[in-house]
Every structure is written in C-alpha cells, then in structure tokens.
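Participant: Okay, here's what each chain looks like letter by letter:
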Amino acid sequence: MKKLLVSPAPHIHGQESTSKLMRDVIIALSPSVAVSVIFFGLSAIKLVLVGVLSAVILEYLIQKYLMKTKVTIGDYSAIVTGLLLALNLPPSAPWWIALIGSAVAIGVAKMTFGGLGQNLFNPALVGRVFLLVSFPVIMTDWAIPESFITGADASSGATALSIVKEGLSRGMTMDQIFNANNFSYGEMLLSKIGGSVGEVSSLALLLGFIYLLARKVITAHIPLSIIGTVMLITGIFYLADPLHYPDPVFSVLTGGILIGAIFMATDYVTSPMSKKGMVLFGAGIGLITVLIRYFGAYPEGVSFAILIMNATVPLINMFFKPKRFGKEVKNG
Amino acid sequence: MSRTFSLGGIHPHDKKISANREIGEFPLVDTAYISMSQHLGSLSEPVVAKGDRVLTGQLIAKSTGFISANIHSPYTGIIHNIEPWPDLSGNMVLHIIVKVEEDEWIKGIDLDPSVERNIKLSKEEIIKRIAECGIVGLGGAAFPTHIKLTPPPGKKADILIINGAECEPYLTSDYRLMMEKAEELLVGTKIMMKALGVEKAVIGIEENKPGAIKKLKDTARKDYSEIEIESLKKRYPQGGEKQLIDALVRRRVPSMGLPIDVGVVVQNVGTAVAVYEAVQKNKPLIDGIVTITGDCLPDQRNFRLRVGTTFEKIIDVVGGMPQEAVKVLSGGPMMGKAISKLTAATVKSTSGILFLSQEQTKRAPENNCIRCSKCVQACPMGLEPYLLNKLARASRMDDLEENMIQDCIECGCCAYTCPSCIPLLDNIRIAKASVLKIMRSRARK
Amino acid sequence: MNTVLLTVLVLSILGLVLALVLYFVAQKFKVEEDPRIDGVQEILPGANCGGCGEAGCRAFAENCVKAESLDSLFCPVGGNETMKMVAEYLGRTIDEKAPRIAVVRCNGTCENRPRTTIYDGYVSCSVMAALYAGESECRWGCLGGGDCVAVCKFDAIKMDGVTGLPVVDEDKCTACGACVKACPKAIIELRNKGPKNRRIFVSCVNKDKGGIARKACGVACIGCGKCEKICPFDAITINNFLAYIDPDKCKLCRKCVAECPTGAIHEINFPVRLPKKEEAITVEQ
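Protein chains in written order, with my numbering: chain A, 1 to 332; chain B, 1 to 445; chain C, 1 to 285.
Source of the hints: derived by calculation from the structure; they are not laboratory data.
A portion of the hints provided could be inaccurate.
Think about it this way: if two alpha-carbon atoms lie no more than 25 Å apart in a straight line, the pair counts; the simulated DSS-like pairs of lysine-lysine are [as the list claims (entries may be wrong)]:
1) A:K216 / B:K200
2) B:K390 / A:K70
3) C:K158 / B:K390
4) C:K215 / A:K2
5) C:K215 / A:K68
6) C:K215 / A:K3
7) B:K99 / A:K327
8) B:K155 / B:K123
9) A:K321 / B:K390
10) C:K153 / B:K390
11) A:K3 / C:K153
12) A:K70 / C:K158
Could you build all of it, start to finish, from the sequences and the hints given here?
Facilitator: Written out as structure tokens, the structure is:
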C-alpha cells in the first residue's frame, strides 16, 4: 500500500521563493545597467561583470571551504549584492576596486554574520563605504570614460551635488551655479551629469521601482518615506534661503537618493518588518542624508545614512510592532 | 463594493473544480464506525450495547458534561462492537461499530423534502431541540451549537452572522448547500435569530460564488427581508470568525475574546441547514455535505455523506486512490488535517476530502529567513510570525506571550507566503498551545 | 602642558566622585546573603541543566543551604561525589544514592517497525506528537524527531542514522532528566546504572493488546506474561499488556531476557553468553 504523506497544515505553498524575489530585483536593476552601458560603455560592463562574478565566486568559496555549509549561490542574492556594488562605483574606477568591494561586501558584511538573512548592514553599502574611506581619490573621481554616446574623449565630470557644494563654498548662489552648469530636470531624469554607474538615469531607476512594486517584491513605504523626508527638509531650507539651498526636486533627483531609496534601503534583511517601522526607517535615512549633505564633509550621504539606520533596525523591530488585530484584553 | 477584513490575508488559487457537481447520495456502507469524539469537548457516552439493533436517527451516545453533544445512529443495523478505533491521525478513540442493514428511520422524523417555513417552537424549545439532535458547528471546530446559541449571562448578541465565505480552496460543500438548500438555510437562520433574540442577520459569501449570492438574494427578497446577503472579496482567511465579523460589521473581537464579546454569534451555512432540519423536521445530525476533490482525481463530487463512513470506502466509491495522490486531507488545503489512517471514519464536521499530488504538497527544504516581512504582511491577526517562530524554537514563553502568540488563528497564511519555505506555523502552533496552558493555569491561581 | 594636566585632573575627580556614588549605592542596596551559598555553588558543576529541578546551580545551592536535610536534594550531574562535598562543606551528612542513567525504551527501528506514512513537517517530536500517532503503526514508540538530542546539554544522546532511534552515551549521560521531560511519548526513563553498568529493562512502551502491538512492531512487548512468571524476584509486573522491570528488585539474573518471545527485554554490558551452554541445551533437547 502507498505510504501517505503527513504534515501539519497548511498543505499548499505560494509561488514565492527567495530566488524568484532576487531575480525580480535583478530584472528591476536591468534598465539602469542598460543605461549605464550606453553612457559609460565598456567600463560599466567591466565593473558590473567583475562585481557580480567576484561576489558569486567568493560566496561559493567561503561557503564551501571556509564555513563548510550548504552552498546557497542558487538564491541569486550574491548576484544582487555584486550588481548593487558595481552600480555604486564611479564609472572610471579600475576593475580591482569592484573586486575589493565585493570581497568586503560578501566576506565581511555578509558571511561573517552567518550568510543571507543574518547580516546587520547592507553588504553592498558596506563594500562601497569601505572603498570610499580607503580609496577616496578613486571613489570621488567622476571622470566619464569613453562612451558610446559622447565619443572617445574622456571628459572630466563631477556630480551635481559636488558642483553645488563647491560652488556654494566659493560664495556663489544657487542660480549662478545652475546657470553656469546648465542643469535641467529633463537632463537629470536621463542624466548626463556625473555620478555612480547606476545613478546615471533617474528614469531607469524609477522604472525598476515600478516593476518591484507591481511584482509586490517591495512595498512603497521605505522609498516614499525617504523621498518624502528629503523633499520636506530640503524644501524647508529652500523656502528659508533659496539662494543658498537647492530646491527639493533637484535634491531628490541628484546623488544616490533614488538608487538608495529604491534598491538599498529596501533590502529585506536590513530593513524593519512592520510598516510603521519602515516609515520611521525611511524618515531617518532622509534626515541623516540631508544633514550630511548640508553640514557634513561629504557632498553625498545616502550610503552613510542607510548604514546608520541599518544599525537601528533591531531596535525599531522591537518597539514598532505591526497593528495587532485585537489589542485590548478581555476583562474578567 | 464587496467587503473584506482589514489586516493581512492571502489570495491562493481557489480551485473550486467541483462547484458544478450537484449533491449526490452516497451509497450505503457495510460497516459504520461512529466516533464518540465528533465535537469539541468531552467524549459522548454510548447508551447502546453490543448486539443491540439500532434504527437510523436513534440516539446511540449521549452528551457528557457542559461542552459535549449527542450522537445518533446514521444507519440501521446491529451494534457489532464498542471499542477504541483509530481516528484519522491514528490515535485511538472510542467508536461504536455498526453492521449496516436496510435503512429504517426511527419514528418522529419528518422525511418530507418540502420546506417547512412556519417556526412553531419557542426560544427555549429550539435550543433544547438543537441540543437533543446533537448539532455542532460545521465550520470546522465542531463546537456544540446549542451552547453558542446560549450566550453567557451578562452578554447579549445583537447580530447573527452566517458564514458562507468558504474561503478554503477546493471545497464546495457550502456552495452546493447554498445553491440547493437556499430556503432551508434562510429558515434555519431565522430559527437561530429567534433562539438568540436578535433582529438582524447577515450571510457573508465570497464573490467567487456569484450563483450562491444571486440565489440567496432572490430567495431572501421575498420573505426574509431581515436577512442581509453580503458579498465579500475573495481572500483567505475570510471564513475565520474574527475576520468575518471584521469584514461584515467592522467590529474587532478583542484578544482572547469571543465573538459574543462584540455582540455577534457566527454560524456556518451547514450548521444553519442542520438547525433547520433539527427544529422543523426533528432530524438529528447524522450526515453532511462533503466535497471529494483534487486535481489528480478524475471525477470530483459533492456527496450527502453519513457520519461514520471510512475514508477507504469513500476512495473506493470515487474510483480508487489516484496514481499521483500522495496526501489525503480531511478539509481544505490551508487548515485541513492530513489523514494517516484510511481506516478512520468521517465525523459530523467533515466537509471535504482532498487528494494532493507530490508536486502540490511536498514541502521544499527550509532556507534562511531573509526578513522580507511577507509573513508579517500576510498575518490577519497583525502578528510577527517570523519572530514567533524564532521564539518558539527557543521556547521563550514570556516573550511569546508578550508578542501575542495566543491570538494566532492558525490560518497558515505565514507558512503559505514564506519565500524561504520556513514551516512557520508548525512551531507556532505548538508554542501557542503551551502559552495558552500557562495562561490558563495562571488565571486559575 | 596645561591641557594635559587639566584633563588628568578632571578625569580623576570624575572617577573619584563616581566611585563614591557607586560605593554608597552598593551599601544602601546591599542584599544580605549567606556566604555559604557561594561556597556551595563553587562545588557544583555549574552546568545549569535544571536536572535537580531548580532553575540553575545558584538556586540549588540556595536550597542546599536553607534545607533542613540534604536527603531530598541531589545534583544528578555531580553525583554522589559532589553531594558528599556539599554535605562536608555544610557540616551535614548524606546517604549515597545509586547512580542513574537515561534509558531509551524503544527498539522500533525501520526494520522492526515498518513505516506506513511519511512525515513531511518540521522535524520535531513535539510537532509530530501533536499532529498524529507517528510514522509507523505503533502509536507509543519513538517518533525520531530528536527533541531529546536537542535538549541534552552534555552531548550525551545522539540519533542513530540507521535505526532512527536515539542512543545514550553512557560515559557522558549525567541523568539530569532533560530528555525524559522532552520526550512527548515518555519513552526515556532514568534507571539505576547498575553494578558494572549492567542493567536489564523492557525496551518497549506499547500498551496495546499483544496482537496489535506485534503487528505494528516485531520487537514489541506483547504482554504475554512469561517474564513475570519466570522472574524469581517478583521484579516484573504487567500492566496494560506491558511488562515493567522494577530496577530496585531486579537482581540481573537474565532469565527474563532468554524467555521473552519478541526480544523486547534488553540486557546491557553483560558478557556474551557462552555458546557452549546453548549447545548443551540443544543437545539435551
């Protein structure tokens, strides 16, 4: 007679799986990768390839030979980490920068904590911040290498934020900076302005955002809360002193706000579980980002802001519980 | 606009593949195994002896204690034995075993199929009759109905909700009942309204059953204007008592509370029809509508099935065990129980038998929790299943209680939705039982 | 230079003030405790296993100091030696207790007890026990989920991969009883370790009628009563079709082991029976 299978309920499972979710994130990042290849050509391809391959190979080696556990590169999470790291590098960075970044991201930020799901900090960001602190010159050199569009001459570039910061320190007003550099919102959406590989086109990032929302991979709480907070605070500064502070739309479209809000802050492992917690987390990131931008030494602060807020996630999870169904306890 | 409950929930494919099969009569069996544990509460006590001849509908075991129910013979025949027999999970329970003969109903039961609309009995007589006929809740928990219809002193119901959501995938027994016994259902609802002394009743039906909604609305429009028919969005676990109350009347049952705490009594459509049959026709609860279904089954059916039929016999009647089937469930795929003994027999609250294939039901290996919070979003009680699972595995009872594990309704949404295939509910269910035990022993002190 | 001095001065004063605060707080909120509790705790093994019935070694030490007599107190991990030392330290006397060990009373290997269903849930005895009777026809026997292994603080119990049953490591087991509490089927029992670690026990807990038990498992106790009859010391009783050997009465004569028709009675650490004897019996027959 046939041996029957017995298990506790539920007896069916949804279609979701970790690898499918990660695959969706990769698909959502593909427009940005495509745009960066168009803009930065071979150097973008090189960085993405090195980042992804080294992340996957390192994870495999560490799990197989160092930790001697089940190898889980099949869940695609290493690919996502490598990809995000590569997209956060300046296009002119040499290939070994991506390799070191991946090694730190996978080796230090992910595997030492016990692998997927155990890490406290977003691995890609830890890799990036490690590089930023260790190789400040390379990591802030926004020279645009040869590209398919602008032709062969490598033009030196700077991010919009660093231009603004420098301009302000030289005593220029926002209008003067804008006019001197021909900034326009249309360009920022498709962006020719210097920046990391993945920051080039806001439109491509938004496309990925819409895809993630449609596939229900992420909810909109964290990204909207970050963007909302940044707009609110920069808006207050702008209204108070429009000559010396950029307007909110410019603040959101430049720098790493979008890629950070959509892809880095929403990393499952390092973001809060409840919706209330997510909103608070996003607001914290927005606030710290603006503070670093306006009062810190760096022109950009999204990476630092996300990492700082990552550290608060366990606390947020402890204090911000989801809305319970029936909170009050029966009397008698 | 259809209504729905406010927190969590999932949308599994409903797979109502047996929806269009009319209710058929199940053939007589040779031997019936009647469990003494067909309801929540203490075992019933046999009132017949080995060798006695019993008639269909005769009382064979009586209720013991406050929460218990009478059991009547589903068949005519000789009592072969009264001994422990395995239930569907292999545990031994006292059964009355009847060698079945030609049907001969006991006197006093009205077998005329015409609808009896006039409610003659008084409030007290109705509750007494329901208790005598051994009616239990047919929604799953099998709680004795007469107790539910007698609110504890100081509590008063003002609305009766009839659960026609049938949110479990595959099952269609309630749907068929609504289609074929619409008027009986409405009379049964009126009887329960009279017993409770409430003025209003709502029947909630998910919108994937438009036929039932239309049929009941058409029938109710004529003579039953006090009964509202509400359509609900398709969403699991809509049929959970607390969720249904939230969806239909926007009241929240408090933690550790009962529906009566917010003035509501919930009954299943099957129970309403059973109440009708008991009160108007004096027929005890000896049978129920059972869906026999599954993608691997060639012929899905809905049967009027008498209590005490073995699963083996049912499988025989539907053409043997399907080749691909690896798991047989009593109930739906979300909350049903896996059957480990096919020699076990059906009970009053059996609502469906489902065959699942390896591909549909085999659990995938567990991976690391990626803290995606999908379980938190899916939990209809607003709990954090990932955390409860972690605490349960570490047996941290105080923390579990603080995180409201006692509110878990064991709907399985968390385990269904987990992308890492963590069997969240397996551990939560066990820990919840321990926490409830601790809470009860503390309350006694 | 001035800055350095100032820094040192400020820090020193700060340290001094805080030290004073700490001192006064400690004085004010001081809890009077019997110093002997610390002494007893030092003697105890410090495993905090809960085998004595207390939450940990500290609570046990408190009990030892407070209690009138040490007779009802026993640290299973430290055993008689530790208890003797505790008694000596406290200036009391204590009787020696027979050392005990955890015994797994089920021999339902995959071979002896064919599986009729396949479990597909979270592997844990408590989850399985709440769900159903078990993978085999025997509803009494070991579920193989390894809850006993998970609770053992001494690494003294392991699952045997072939038989699917837990095996106790005689050298490591301290008889703390954690596995006994963890087993939902109450299969594990603490029994006397016996002279030279020799002991005899019924390796079955099936309380079904003989026929049912036998059908479910080839080595089940069928309650036939042969052992009860042959035992010269009245050590064996049969209740609910299940034999039980009282370890205090059993004199390890091994007669019941040979008599048991299903081989449910196990003897441990005895020398192998001389084949000569058996041959002699067959010759006689």
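Participant: Next step is simple, just say for each hint if it's right about the structure.
Facilitator: Quick rundown of the hints versus the structure:
1. A:K216 / B:K200: violated, 40 Å
2. B:K390 / A:K70: Holds, because 21 Å separates the two Cα atoms, which is no more than 25 Å.
3. C:K158 / B:K390: Cα-Cα ~24 Å, so holds.
4. C:K215 / A:K2: Since the Cα atoms of K215 (chain C) and K2 (chain A) sit roughly 18 Å apart, the hinted pair holds (cutoff 25 Å).
5. C:K215 / A:K68: violated, 44 Å
6. C:K215 / A:K3: Roughly 17 Å between the alpha carbons, so the hint for K215 (chain C) and K3 (chain A) holds.
7. B:K99 / A:K327: The hint is violated at about 52 Å.
8. B:K155 / B:K123: holds, 17 Å
9. A:K321 / B:K390: holds, 16 Å
10. C:K153 / B:K390: Since the Cα atoms of K153 (chain C) and K390 (chain B) sit roughly 20 Å apart, the hinted pair holds (cutoff 25 Å).
11. A:K3 / C:K153: violated, 36 Å
12. A:K70 / C:K158: With a Cα-Cα distance of about 22 Å, the restraint between K70 (chain A) and K158 (chain C) holds, given a limit of 25 Å.
When each numbered hint is compared with the structure, violations occur for hints 1, 5, 7, 11.
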